[in-house]
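Take these sequences, add in the hints, and give me the full structure.
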Amino acid sequence: MSELRGNPWPRRVGGLVLVLVALALPLALSDFWLQTGLFVMAAAIGAVGLTLLVGVAGQLSLGHAAFAAIGAYVYAWSTGEATSTVGGAGLPPLAGLVLAAVVSALVGAAFSPVAGRLRGIYLGLATLGLVFVVRHLLVNLDQWTGGFTGRSVESFALGGFSFSNSDPDYLAVAGVEFEGLHRLWYLFLVLALAACWLAGNLRSGRTGRAWANVRDSETAAAAMGIGVARAKASVFVVSSAYAGVAGAMLALAYGRVAPDVFSLTASVDFLVMIVLGGLGSVGGAVVGALFVTALPLVLAEYSGSLPFLAAPGSGGLDPSTASRIVYGLAIIAVLLFLRGGLAGAARRLRHGSAPGAPPSAPGPTPHDPLSTHDVGRPAGGPARSKETTP
Amino acid sequence: MTHLPRARALTLGAATALALAACSTTDPNQAGTAAGSGSGSAAGSGEVQTGNGVTDAEIRIGMLTDLSGPFAAGAAVQVTETKAYWDQVNAAGGVCDRDVAVDVQDHGYDPQKAVTLYRSMAPDVIALQQVLGGPTSAAVLPLAEQDDVYVGGVGWAGSALQYANNQLPGASYAIEGANAIDHLVDGLGVAEGARIGVVYFAGDYGADVLAGAEHAAEERGVEIVAQEITSATTDLSAQASALAQAGVAGVVLGAAPTQLASLAGSLASQGVDVPLIGMNPTFNPSLLTTPARDALLANTYSITSVAPYSSDAEGVKAANELYAQADPDGALGWEVPLAYVQGELLKQALQGACDSGDLTPEGVVAALRESSSVDTQGLLPDGLDYSQVGQSPTTTVYLSKVDADAPAGLALVDELSGPSAESFSYGG
Numbered sequence: 001m002s003e004l005r006g007n008p009w010p011r012r013v014g015g016l017v018l019v020l021v022a023l024a025l026p027l028a029l030s031d032f033w034l035q036t037g038l039f040v041m042a043a044a045i046g047a048v049g050l051t052l053l054v055g056v057a058g059q060l061s062l063g064h065a066a067f068a069a070i071g072a073y074v075y076a077w078s079t080g081e082a083t084s085t086v087g088g089a090g091l092p093p094l095a096g097l098v099l100a101a102v103v104s105a106l107v108g109a110a111f112s113p114v115a116g117r118l119r120g121i122y123l124g125l126a127t128l129g130l131v132f133v134v135r136h137l138l139v140n141l142d143q144w145t146g147g148f149t150g151r152s153v154e155s156f157a158l159g160g161f162s163f164s165n166s167d168p169d170y171l172a173v174a175g176v177e178f179e180g181l182h183r184l185w186y187l188f189l190v191l192a193l194a195a196c197w198l199a200g201n202l203r204s205g206r207t208g209r210a211w212a213n214v215r216d217s218e219t220a221a222a223a224m225g226i227g228v229a230r231a232k233a234s235v236f237v238v239s240s241a242y243a244g245v246a247g248a249m250l251a252l253a254y255g256r257v258a259p260d261v262f263s264l265t266a267s268v269d270f271l272v273m274i275v276l277g278g279l280g281s282v283g284g285a286v287v288g289a290l291f292v293t294a295l296p297l298v299l300a301e302y303s304g305s306l307p308f309l310a311a312p313g314s315g316g317l318d319p320s321t322a323s324r325i326v327y328g329l330a331i332i333a334v335l336l337f338l339r340g341g342l343a344g345a346a347r348r349l350r351h352g353s354a355p356g357a358p359p360s361a362p363g364p365t366p367h368d369p370l371s372t373h374d375v376g377r378p379a380g381g382p383a384r385s386k387e388t389t390p
Numbered sequence: 001m002t003h004l005p006r007a008r009a010l011t012l013g014a015a016t017a018l019a020l021a022a023c024s025t026t027d028p029n030q031a032g033t034a035a036g037s038g039s040g041s042a043a044g045s046g047e048v049q050t051g052n053g054v055t056d057a058e059i060r061i062g063m064l065t066d067l068s069g070p071f072a073a074g075a076a077v078q079v080t081e082t083k084a085y086w087d088q089v090n091a092a093g094g095v096c097d098r099d100v101a102v103d104v105q106d107h108g109y110d111p112q113k114a115v116t117l118y119r120s121m122a123p124d125v126i127a128l129q130q131v132l133g134g135p136t137s138a139a140v141l142p143l144a145e146q147d148d149v150y151v152g153g154v155g156w157a158g159s160a161l162q163y164a165n166n167q168l169p170g171a172s173y174a175i176e177g178a179n180a181i182d183h184l185v186d187g188l189g190v191a192e193g194a195r196i197g198v199v200y201f202a203g204d205y206g207a208d209v210l211a212g213a214e215h216a217a218e219e220r221g222v223e224i225v226a227q228e229i230t231s232a233t234t235d236l237s238a239q240a241s242a243l244a245q246a247g248v249a250g251v252v253l254g255a256a257p258t259q260l261a262s263l264a265g266s267l268a269s270q271g272v273d274v275p276l277i278g279m280n281p282t283f284n285p286s287l288l289t290t291p292a293r294d295a296l297l298a299n300t301y302s303i304t305s306v307a308p309y310s311s312d313a314e315g316v317k318a319a320n321e322l323y324a325q326a327d328p329d330g331a332l333g334w335e336v337p338l339a340y341v342q343g344e345l346l347k348q349a350l351q352g353a354c355d356s357g358d359l360t361p362e363g364v365v366a367a368l369r370e371s372s373s374v375d376t377q378g379l380l381p382d383g384l385d386y387s388q389v390g391q392s393p394t395t396t397v398y399l400s401k402v403d404a405d406a407p408a409g410l411a412l413v414d415e416l417s418g419p420s421a422e423s424f425s426y427g428g
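Chains A and B are the protein sequences, given in the same order.
Okay, so the first sequence: first residue is 1 according to this note's numbering, each after it adds one.
Okay, so the second sequence: first residue is 1 according to this note's numbering, each after it adds one.
Here are a few chain A residues that face chain B, going by a calculated C-beta distance under 10 Å:
#	residue
1	VAL139
2	LEU181
3	TYR254
4	PRO259
5	VAL261
What follows is a set of in silico ranges between Cβ atoms, one per label pair, in the way DEER data are often shown:
#	chain 1	residue 1	chain 2	residue 2	range
6	B	SER231	A	TYR122	24 to 32 Å
7	B	ALA9	A	TYR122	48 to 56 Å
8	A	GLY328	B	GLY189	55 to 63 Å
9	B	ALA9	A	ALA82	42 to 50 Å
10	B	GLY93	A	GLY328	46 to 54 Å
11	A	GLY160	B	LEU10	27 to 35 Å
12	B	GLU47	A	TYR186	36 to 44 Å
13	A	GLN143	B	GLN146	24 to 32 Å
Please keep in mind that the hints were generated in silico from the structure rather than gathered at the bench.
Glycine is no exception: its CB is placed at the ideal position from the N, C-alpha and C atoms.
And the structure:
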């Protein structure tokens, strides 16, 4: 999304067309597709945050869902009115959204000393603990969270305009009635574009280069005058804030939050998104989020019209199982054949036509998904052992 | 370069103006209804007003169930029975002179799928007969309440009672729990001042059972020894030891069949010979093939909101015969009468909406809330009262004893409505 190379105009025009299409889509889509779109955009923001952390800065995290949960519940609590069963601060929704990002970022900051000491799979396991701790808190702090059944979420509003079915009760654009889903679509689109733009700039700027340098070799980074601990902490904070916003958006898309939404599976899904899309690529993370979120929903919806899928319950290959299998196969295929994920494949496609001109990326180059996990690489050991062609 | 910002500003301004010009905040339908009376489809006096999911020939209802997740086996039985039920209704002339078609979708116990499937289904159905599963129904119920769509069959947790659009098939879990304590005291001779164990799942189901049991314990002067577990707890020997240590005179279980087998077996092996009462979903006939069989046969009771499979009430017999025809090799169990009675409840609500001339989603919810005495031929206790949002429709439950000779392993003992079940009220 931010790779500034060659002629920028085709990319810019392409991006503009995509944005225009996204702006026009609510005029045509049914409620099912709108709801799916909301889930995709929320997941995309989370995935972009994770790709900064795992792809750019090389810190494996299995705890992304925990930060999303914090964001979702902070939004629900801070905007909710206090009732007899659950508390609430009754703040304006915009303040709630900002608080969701800030609190998640603070928790990320509090966790960053741990992240500074651990690497690779060990960091992954440490963040895994976060998911269980947060889930335990969500279930047991029921005067704030509503416990196991969760709590309802106030709809978003901005200066008297509510992103729900009411207030204004009737709003039509070009003859299409704009209900809550349509209005949320635009809110989410603005948030998603802003998040991607910010992430792209961060990645290709000074901060992103520092993160990538720390990923590749902490010693080399320190020698170049980068504060390693500071860089590691900052990427954790940024990624947590992204997750917090994504969580608040998920809460808005559901209209309700419950602990089950933010399970370990959600964390793994975020990882799958960024590996499929290509570690470190913002555009890849968005495409990965689209694939991982929409595929099961679409397969379930259209299972009736797919001849090779059995009707649910009849004992054959049903849509849910099918989508899990497609997931698995897609991940294996990407790892085996598409180095750098979908983003890497797209890059090769673009430069395949001009083999004489190798890509000269000024930003940090995306890497092989396996090498950036730096699983098993001892801390401070020989770096960039697998660093081959980008 | 200096002209670029101005050009951009102009383009932006033009785009905004265009977008604003396309906007409108006056509802043409609303304006029409204010002047006329009713919407277009309600023509004369004899005509029924119709809405989503209703055509002249067909009424469409939805069912969001779990055919690929943890409840797949029981859910498949309910789908078979539900389809057979509506086929039977259609053969007898349908509802409101229309055939009823069921749209079954599988959410696989995933709230995200449940919500999107609901979104795609809602414009085409008049009501949802079932949304299976705790987290999935918790996600769908508030959306359906906003849209004023009837939702049946979300289980018996008291947390679902707050939704005006939800119809609980029988007594809630708290009522079951209170009745269990009442029966231990009145029917099984547990003395005042004795201790009673309550083993329950963390979550809305178990918490509701515990709330009812605690209320009843206070009324009846017994003491509760609570043991919280999760659905991942499959070995209950530690809980059994704790209960044995506390010297309990009876145990109430709000969990699943795996936990029942483990708890009954552990208590028996520790020589604790006390009655064990399981709530609705705790018993499954397949438990009688496990090593816990003898312990279950000796001491175990089941309290259900729906009449058990072995009941000889007219409605239960009809349900069982229908299921035997639809799937001669199918698994027997409490799902059969449950699916039948959920169909029956929705049919009555649809009929009520038809009679009041408002066959729309809102009309079905209104018909549900006007029904203060629903009878279901013995499938559920008679006289269900749905006019009070937030309270259980009945205080009567069915008590059965585990019996190897009875069909589906449960022999009906009695219908119960204990004093503390009757005095229990939500939010009170």
